[in-house]
Every structure is written in C-alpha cells, then in structure tokens.
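From first to last, the protein sequence lines are chains V and E. Note that numbering that gives the first Met the number 0 numbers the first sequence so that position 127 is 126, with each residue one more than the last. Note that numbering that gives the first Met the number 0 numbers the second sequence so that position 117 is 116, with each residue one more than the last.
A portion of the hints provided could be inaccurate.
The list treats identical chains as interchangeable, and a pair is accepted whether it falls inside one copy or across any two copies.
What the hints assert, rightly or not - Below, simulated DSS-like cross-link-like pairs (lysine-lysine); rule was C-alpha separation at most 30 Å, straight line: (1) LYS131 - LYS94; (2) LYS116 - LYS143; (3) LYS131 - LYS67; (4) LYS27 - LYS12; (5) LYS12 - LYS50; (6) LYS131 - LYS96; (7) LYS96 - LYS54; (8) LYS116 - LYS103; (9) LYS116 - LYS131; (10) LYS94 - LYS116; (11) LYS116 - LYS67; (12) LYS12 - LYS54; (13) LYS131 - LYS12; (14) LYS143 - LYS131; (15) LYS143 - LYS50; (16) LYS27 - LYS94; (17) LYS50 - LYS131.
These are computed hints drawn from the structure, not numbers from a lab.
Number of protein chains: 2
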Amino acid sequence: MRPEDTIDFPIRKVWNRIARLYNNQAGKYGGTMAIGQVLLSIDPDGTPSTKLGPKMGMEARSLTRTLKNMEEEGLITRVADRSDGRMARVLLTPKGKQMRDVSKETVIRFNEAVRAKIPAGQLQTFHSVIDKINTFLDNNELFK
Amino acid sequence: MRPEDTIDFPIRKVWNRIARLYNNQAGKYGGTMAIGQVLLSIDPDGTPSTKLGPKMGMEARSLTRTLKNMEEEGLITRVADRSDGRMARVLLTPKGKQMRDVSKETVIRFNEAVRAKIPAGQLQTFHSVIDKINTFLDNNELFK
Numbered sequence: 000m001r002p003e004d005t006i007d008f009p010i011r012k013v014w015n016r017i018a019r020l021y022n023n024q025a026g027k028y029g030g031t032m033a034i035g036q037v038l039l040s041i042d043p044d045g046t047p048s049t050k051l052g053p054k055m056g057m058e059a060r061s062l063t064r065t066l067k068n069m070e071e072e073g074l075i076t077r078v079a080d081r082s083d084g085r086m087a088r089v090l091l092t093p094k095g096k097q098m099r100d101v102s103k104e105t106v107i108r109f110n111e112a113v114r115a116k117i118p119a120g121q122l123q124t125f126h127s128v129i130d131k132i133n134t135f136l137d138n139n140e141l142f143k
Numbered sequence: 000m001r002p003e004d005t006i007d008f009p010i011r012k013v014w015n016r017i018a019r020l021y022n023n024q025a026g027k028y029g030g031t032m033a034i035g036q037v038l039l040s041i042d043p044d045g046t047p048s049t050k051l052g053p054k055m056g057m058e059a060r061s062l063t064r065t066l067k068n069m070e071e072e073g074l075i076t077r078v079a080d081r082s083d084g085r086m087a088r089v090l091l092t093p094k095g096k097q098m099r100d101v102s103k104e105t106v107i108r109f110n111e112a113v114r115a116k117i118p119a120g121q122l123q124t125f126h127s128v129i130d131k132i133n134t135f136l137d138n139n140e141l142f143k
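Work the whole structure out from these sequences, hints included.
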C-alpha cells in the first residue's frame, strides 16, 4: 500500500497545505491559524470552554495554551457561566470579534474558490466519506 | 457558512482524530505518529533529506526536530549521498526498519478497516476531490 493509496496520507497532506495557507494569511494580521480556528468556534454569545475541544475535534489540553495566548492578547475573556458557576464560558472581546471577521472572510474566500472547482455531487460524496470515517472512528475497536 | 459546511473544517477534524489514533498506537511502542510517518516516507535504500518534506507535504524546517530526535533514538542515520556529497541521505537503521514495520502494519490495518466501510466509487471520488484541492493550492492566487 503506497502512502498515496491510503485514506489518511492524502488527508494529512492536503490539510498541511491548507494549514500553511491559513497560517500565512493569519500571520499578516499577527495571528495564527490555531487562533483563527478557535475564534470561529466561539458563538456570538460565548461558548463553554469544555465544548470548544469537541467542537474542533481536539483534546482540551491541546487547546489550553492557545486559549491562554488568546486571553493574553485580549481576544477572549473567560467568565463563569451564569447558570453554572463552575463552568467557564469563553467570550470574544471587540478585538476578538474583529479578528474573527478576518478569519471568517479568509475561510469563506478559500472555500468558495475551491467549491467553484468541484462539482456539487463530488463534494457531497466527499463529505459523506468523511462522515463514514468519523463513524468508523467513533466505533473503532481496531487497536483495543 | 457553518464550519461543517466548509471543506477545510471536516478535513482538519477527521485528520485530528486519525492523528490521535495513530499517536496512541505509536505510544505503545515508545514512538509518535510524526516518527511513524517519517519512517514510512523513507525508501528502503534511503531518501535524500531534501525530498522528505515535499513527499510528506511538509516544510523542511517542520521536519528538522523530528529527524534529530529519530537520529538520537537510533532509528535513522544521515550519510552524504554517494553521487552528490553535499546532499544528505536519510537511511533506516535496523531498529528504524523494525519500527517502520510496526507503523506500516498500523496504517494498513486502519486503512483496510476503513476501506471495508466505503464503496470503491465513493473512495475514488474522495481522492479526486483531494486532487482538485491540491491542484487549486498549486495554482492559488487567492491571497497574493
């Protein structure tokens, strides 16, 4: 099985390339792709910090440093949740909202440009294959 | 555009999950996914170090630390190329070959299991969409 024939290798390779594009673009605004992705995962009325990881498909601990940096840079604040004081809620600051708009614009421009090159039916199959891989991973007993 | 509707977000999310699976598995043998991926990108007769990055879709500098670790752990050696002494060639040690076999086995098991869940035609479309994204990235003038 050559790497190109696997499912994971092409996913990783194209993801690395998209990440590079996003990082280059974020760098122009003093950000990083990781920061942009977190900004885009925070709802306008805030998001519980424990929900950010699952929303992004990441483990909480991988997010910790990024969230700390973002707080220090004044992009987010963390406040106790109104209904459950033990829970932290991540909120965007005005600066965070501005950066979120820049990130959103970048994502939309990239996605619209790519979409224009791919027939809708193929795109649908593409998403359905990813769903199937996710379902497989949810129920994975392979390496238990 | 919700994150789920973009092309990049599902790619990143599923890649993070596959990476977690591979990292967990590599951890059982004292390795990491990054090391496994490099091992799988080295040909039996060695690979020029400058070709490893492009082969993996990574920038050379992102690989430097992994290669250094791998050398220290006795998985690879770096020798001057026979035909061009200025060029370094990365070779697998016997320990590296053994670890390469373990990585290969993991990749094959994962891929065969996933493949069994996805019709061949859908898989073909999936690869073709990734090719189209790569072609777009090759010729990308979006953020110039």
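Tested hints:
With identical chains, the CA atoms of LYS131 and LYS94 are never at most 30 Å apart, being 38 Å at best within one copy and 36 Å at best between copies. Proximity of LYS116 to LYS143 under the C-alpha cut-off of 30 Å is restricted to the inter-copy arrangement: shortest distance 19 Å between copies versus 40 Å within a copy. When the C-alpha separation of LYS131 and LYS67 is checked against a cutoff of 30 Å, the pair qualifies neither within a copy, at 34 Å, nor between copies, at 37 Å. Taking identical chains as interchangeable, the C-alpha atoms of LYS27 and LYS12 lie at most 30 Å apart whether they share a chain (23 Å) or sit on different chains (25 Å).
Taking the shortest alpha-carbon separations for LYS12 and LYS50, both the intra-copy value of 28 Å and the inter-copy value of 14 Å come in at or below 30 Å. Neither within a single protomer nor between protomers do LYS131 and LYS96 lie at most 30 Å apart by alpha-carbon distance, with minima of 34 Å and 33 Å respectively. In this assembly of identical chains, LYS96 and LYS54 lie within 30 Å of each other by CA distance solely inside one copy; the values are 19 Å within and 38 Å between copies. In this homomeric assembly, LYS116 and LYS103 come within 30 Å of each other (Cα to Cα) only inside a single copy, at 20 Å, whereas the closest approach across copies is 34 Å.
In this assembly of identical chains, the alpha carbons of LYS116 and LYS131 lie at most 30 Å apart whether taken from the same copy (24 Å) or from different copies (7 Å). When the C-alpha separation of LYS94 and LYS116 is checked against a cutoff of 30 Å, the pair qualifies neither within a copy, at 34 Å, nor between copies, at 45 Å. In this homomeric assembly, LYS116 and LYS67 never come within 30 Å of each other (Cα to Cα): the closest approach is 38 Å inside a single copy and 40 Å across copies. When the C-alpha separation of LYS12 and LYS54 is checked against a cutoff of 30 Å, the pair qualifies both within a copy, at 22 Å, and between copies, at 9 Å.
In the homo-oligomer, the alpha carbons of LYS131 and LYS12 lie at most 30 Å apart both inside one protomer (20 Å) and across protomers (13 Å), since each shortest distance falls under that limit. Only within a single protomer do LYS143 and LYS131 lie at most 30 Å apart by alpha-carbon distance; the minimum there is 20 Å, versus 36 Å between protomers. Taking CA atoms no more than 30 Å apart as the test, LYS143 paired with LYS50 passes inside one copy only; the shortest distance there is 26 Å, against 35 Å between copies. In the homo-oligomer, the alpha carbons of LYS27 and LYS94 lie at most 30 Å apart inside one protomer (16 Å), although the nearest pairing across protomers, at 43 Å, exceeds that limit.
Taking the shortest Cα distances, LYS50 and LYS131 sit within 30 Å of each other inside one copy (23 Å), while across copies they are farther apart (33 Å).
Going through the hint list in order, the structure does not satisfy hints 1, 3, 6, 10 and 11.
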